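Chain A is fixed; fit chain B onto it per the hints.
The chain contents come next:
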Amino acid sequence: MAIDSTRPAAAVEDPLVIAGETFHNRLLLGTGGFTRLDALAEAIAASGTELVTVALRRVDPDSRGSVIDVVDGAGVRLLPNTAGCYTSRDAVVTARLAREAFQTDWVKLEVIGDDRTLLPDAPQLLEAAETLVAEGFVVLPYTNDDPILARRLQDLGCVAVMPLGSPIGSGMGIRNPYNLAIMRDRVDVPLILDAGVGTASDAALAMELGCDGVLCASAIARAEDPLAMARAVSVAVDAGRLARRAGRIPRRLHAEASTPDTGLADLGSVGDDRR
Amino acid sequence: MIVELNGRRTEVPEAATVETVVSGLDVDLGRRGVAVAVDAEVVPRSEWRRRRLRDGAHVEVLTAMQGG
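Chains A and B, in that order, give the protein sequences.
Heads up: the first sequence begins at 1 in this note's numbering, then just goes up one per residue.
Heads up: the second sequence begins at 1 in this note's numbering, then just goes up one per residue.
Chain A with its partners taken away, still in its complex shape (with noise of 0.2 Å):
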């Protein structure tokens, strides 16, 4: 099957909802990583992502550029995160903040617990996505690969759940396959794996357990060739969907053969011990 560069064929007839809204493209790019506006633009382009996130940071004066001009100018729609949150408490501020710089009801909630690990905060989290919900706030939070965890956050109202597949940036893939697909099995929103992609059949595998979708930042920016890796990422997301629906084959210990035995002709040397 040949696969379009511009709509990829798993796309047309399967989109991803996200309360409520439609997109024809199941790879979410981060902004993170990406030093340079053009490089972003191209990635952005080269993914054909329809949603991306941005953080919220002081304003530099001697700053040129926006990314808000990069994500206009691409015609995609703005994920704001609360990237660099500790707390509760400033995650909610942080998210109140993006609303009003982006006039959007839309967050990925990131509450996380230390800068060595970058791993979610649970009990923080759980308290955020309790008041930001209440707030009337669309959120998407970053979680752990704990498919309680997840269950909460639907619970709470959040419209997905973002679950890591090993630390941000680190490049190690879905440590824990098992627990992706039980979350599947646990959680009715979409399931968007947040964190690990350090290549395209990690973002393959993450759609083969179920998956809805996949973010990918540093995969993609510091990959020696940007451009290449975000079409690598992006094709490995459909091939994974398009395999997920597909439905595989189960694993066996022994060999099935695919050429039957009927009509196998005598040659006189094959003794009973070999079958």
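A couple of the hints might just be wrong.
[Claimed, not checked] According to the in silico footprint, chain A covers these stretches of chain B (three or more CB under 8 Å from chain A): (1) 20-28; (2) 48-57.
[Claimed, not checked] Computed list of chain B residues with no C-beta within reach of chain A, every gap over 12 Å: (3) VAL3; (4) ARG9; (5) VAL12; (6) PRO13.
Simulated from the structure, these hints should not be mistaken for laboratory data.
All values derive from a computational prediction rather than experimental measurement.
No residue lacks a Cβ here, since even glycine has one placed at the ideal position from N, Cα and C.
Leaving out everything else, chain B in the frame of chain A:
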């Protein structure tokens, strides 16, 4: 009086408003993507002009940056 503006002690006029200090940062007031918190509370853009700052206020002026 002195306010703490994006982490820096900054001298501002006694009657300074949020708009006064935002303008001082060379921010294009018309553009999307800027938000202000005073003492960890969001000040909506519609209130920038009339919201007076108190001495010692913590003012954060934030905008979009690559991240996530």
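Evaluated hints:
For the segment 20-28 of chain B, the assignment as covered by chain A holds, since 3 residues bring a beta-carbon within under 8 Å of that chain's beta-carbons and 3 suffice. Figure legend: the segment 48-57 of chain B, annotated as covered by chain A; annotation inconsistent (0 residues with Cβ-Cβ distances under 8 Å, at least 3 required). The non-interface label for VAL3 of chain B is consistent with chain A: the shortest C-beta to C-beta separation is roughly 14 Å, beyond 12 Å. Under the 12 Å C-beta cut-off, the non-interface status given to ARG9 of chain B relative to chain A holds; the minimum distance is some 15 Å.
Even its closest Cβ contact with chain A, about 16 Å, leaves VAL12 of chain B beyond 12 Å, as expected for a residue assigned away from the interface. With a least CB separation of 19 Å from chain A, PRO13 of chain B remains clear of the 12 Å interface cut-off, as annotated.
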